[in-house]
Amino acid sequence: MKTTKTKLTRRKSAAKANVRTPAAPTRGDLGALLVSGNFRLVDLTQTLSPDFPTIVLPPEFGQCRPFRMEEVSRYDERGPGWYWNNVSFGEHSGTHFDAPIHWISGRDLPNNSVDTLPIAHFIAPACVIDCSAQAKADADFLLTAALVKRWEQRHSRIPAGAWVLMRTDWSKRNDPVAYQNLDDTGQHTPGPDPDCVRFLVNERDVLGFGTETIGTDAGQAAHFAPPYPCHYYMHGAGKYGLQCLCNLDLLPATGALIVAAPLKILQGSGSPLRVFAIVPAE
Amino acid sequence: MAQVVKRPKRKNPVERTRLPTLPPATRSRVALGLTAAAARGRFELQVCRDCGAVQYPPREVCRICLSQRLFWRRQDGMGELISDTTLHAAQELFFRERLPWRIGDVRLDSGVNVIAYVHHNVGAPPCRIRIEAALDRSGQAALVAMPERGRPALSDDPKLREMTCNPRARKILVTDGKSAVGQAVARALAAAGADLIWIGMAEPWKKSAGFDALRELPQAKVVPLDVTDSRSVRELAGEIGGKVDILVNTSDCHRAFSLAARRGVETAQLEMDVNYFGLLRLAQEFAPTLKARAADGDANAIAWVNVLSVFALSNYPPHGTYSASKAAAWSLSQNLRADLRPAGVRVINLFPGPVDDEWDQLEMPPKLSPAALAAALVQSLQGSVEDVYPGDVAQDWLARNLESPKTLERELGEFDR
Ligand SMILES: [Zn+2]
Ligand SMILES: [Zn+2]
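Line by line, the protein sequences are chains A and B.
Numbering of the first sequence is given in the working numbering, commencing with residue 321 and proceeding in unit increments.
Numbering of the second sequence is given in the working numbering, commencing with residue 31 and proceeding in unit increments.
Treat the hints as calculated values from the structure; they're not laboratory data.
Computed from a prediction, not measured in an experiment: that's the story for all the values here.
Beta carbons: idealized from backbone N, C-alpha and C, even for Gly.
This list has only true hints and no planted wrong ones.
Over 10 Å on every C-beta distance to chain B, these chain A residues come out as not near it, computed from the model:
| hint | residue |
| --- | --- |
| 1 | L368 |
| 2 | L429 |
| 3 | F442 |
| 4 | S452 |
| 5 | Q454 |
| 6 | A465 |
| 7 | S476 |
| 8 | E523 |
| 9 | H543 |
| 10 | C566 |
| 11 | V599 |
Here are some, though not all, of the chain B residues that point toward chain A, as calculated from beta-carbon distances under 7 Å:
| hint | residue |
| --- | --- |
| 12 | P234 |
| 13 | W235 |
| 14 | D259 |
| 15 | S260 |
| 16 | R261 |
| 17 | E296 |
Isolated chain B, as found in the complex:
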């Protein structure tokens, strides 16, 4: 049964805000392959190219034939919970603060045994289960045994909920509510049970369609925020920074087209100012407080979401300067992630393909609707991922980029506009 998450009690101002503890984060280089897949919401294990054996834990050579030709392959995770136990004592501070903690021994149908966290909806062993790879608070992959049927959410389990950033009952800042995407995101977060949504509004004199209707959301509170203005970001951080649990950066400027299509640097600078420097300003002003509040009881700071673009992966010449600004933002988001990870605050990046909005007007379908993008964003918070490529175009680009970045670059370069 889904656990009802209530609005957290108000903080007792006499008590110290605790510091975050993290589950053990050290992984071998090869074991990070598990994390790389989990960051995209996949459970992958190494498979031997020579004998076909599935491997666990991650290793350099095949456990059966000693071949070095191992590759990562998606797993369905089906298996059996052989035994389980509940820890009542632990040396690790993270577990010590959260005892008791249920773990289990799982035999996967693929032939390997794993130790996994056990979702509280899983019955007593022996029973069929499905292993999922999720990200724990230190940003590393952890295996979770889920019930075979029923598909409960991670966040339905009070312990495993911490592996998600469920927006339910959370206080969330959406940095720009004027764009179609910003509006869809605010609505989706409200529908997902957010407690309070601050909606940033730049240049209040420019009306944007649909914005006034947002004010009618009971959770919405419109706040002045212009990410191109350091003072504006600083003032808002001073006002609400200590309350934000999740920051969703929807600020986006998409103007210039190909390198040759616009003279001068003004417009490219504006894109950079919003997409890159905007993120930098937000990070400088909001990240320190998010880190400080990462263990602030049930009302803690948990996540930062950036709406980037799949154009960040490889320059898309019809949107060349925009691609460059999103690539810069992507790079900076990795810096932000490294900065927030030690506190257990997750940075989630979304890489949508063309969005069905004004600035992708001339892009051929399929285009991602703002509502679909918003739904993917909420889902990424409810789940346990870092990198999201919503929609067919983004998935396609991702696959092509993983296969050969150079080939993708060349293919994208052949446009006729």
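Okay, chain A solo, but in the shape it has when bound:
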């Protein structure tokens, strides 16, 4: 394992959880870590509920079906001793995983659907870039390559194969109207700019990009060149997406391991999933 020494910058505030930047444990010493009990788990998943909004597209397009739940029986005449539901949802509802096949740019890649992607990718280190202050000030805030490089100066170089998670505290918007943040010019939510995505894909070879908002792209990304650059470049390079994450504020900037294993859906383009982080104790 790489033993990058914890880098402390002068500007850090001792109270903040994300100032220490230990390297994530590799899979080799993961076992030792789990046995030691010297870690905490952070659930990064929103509850799948009918009230949780799905992505908004013009109504003439096909739509992502929102999470729905119909009771099969509840210890009653429909099933005397048991309670269960039938659920339905689009692959891209709630906290979910985007596979490369989701985008046209990734359609011809090998192992590009959730049933075929390499299982080794289900556990990977995370770099958490805190953009919460900027996102609070500007809903259309865009993460740039320059800001990512500045983050690297403060913490460490983003290792190949890591998740880059954009913390915006957007998940704290409990009101779905504020969460969607739509007006008649579309959605206003933060995300990466095209150059930033190219940098993460080409220069850093990340595993994927994760956000707290409803997409990995910014709300206005339909107007970028190319449209939806995070989907376009990430999936075109076989990278993944995670969206509608929460609790990113409970993660250190580096050092956490993300467990993200989508459902094994035949030719699935993504799936809701339980995402959590293993955070070694400091």
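Dock chain B with the ligands against the given chain A, drawing on the hints supplied.
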């Protein structure tokens, strides 16, 4: 004079909620012809094809020439009130609870005598009157003698008011207020004197033009309701189900076009989920309480309105999957009607033709404006009908469908898109 309907007094929680009683509902098969016409707001009697005699009561053979060739024909209802009487005793529970009750003997100009309820604006006999066929609380046709002039409403008479579902002073749920039709309906109900209008709102993050202005109606209260979400319907029914007097189902999804115009079933499923399963969810959660409150004093549950489509009658291929979902909803509404009728709660279906909204953009005029549809809806509540075909297109389709469903199917199938 129009009777001023005041907001009912608050319920005394110590008193039992009474159970509904109904006027006698049994009719012979042939007598249901009177009901079939009344359900569409018409007064029809049988006429003999051979001798031209008008018949009453409905029968199998002509009262004059014994011909079996009788057909139903619209009547103007003009006649004379010969005598009247006021009942002060009755064996039927329904009348017993409502005594005294005025009835009269009427000689129609067409030559038959009928016994009819008498509107309280009708003077002492003998006098000219006009007979209307209205639906009573058991959903059957009953004849009412109205004044010849002045055109008072049924609901102006405190006894006959029960034959209507007048929205005045009522608490009403409009299931979707985001559509143009939903908004027009909410406004029309407010103008008709509704006391409180709950306006359902699905997917609050999607703004719809004009919706925010609805909130300014003093009667309006926006409530979360998504008819595709069983939990949402159940929660709203738990919250307000015990107060709703009239439920107006404006929830509608109109997306797919012809069978061949869209691949896959996703969009058709969405239409079905709103138009058919939405009605099913609403019915399962709201109908039981409506039935239980059907005799809840002046603040009782009285009606359920569905905005269907004339496309339900016969599939209109340019809107093929939508037609199918509306046909399914129509079928289910008949189930709902059978379920609610024993409680005296009326189910009114509206079958508009193309509506002047986004999804009928490519339909040629005439198109029904949302406001005209809403006006027809309010009128159907103020009157005494079950099935309403508002606008010229709907009337035309109805007539063609009554004449020959097969011909209509073939004609509708010849579209060039
Ligand atoms: Zn997605
Ligand atoms: Zn005859």
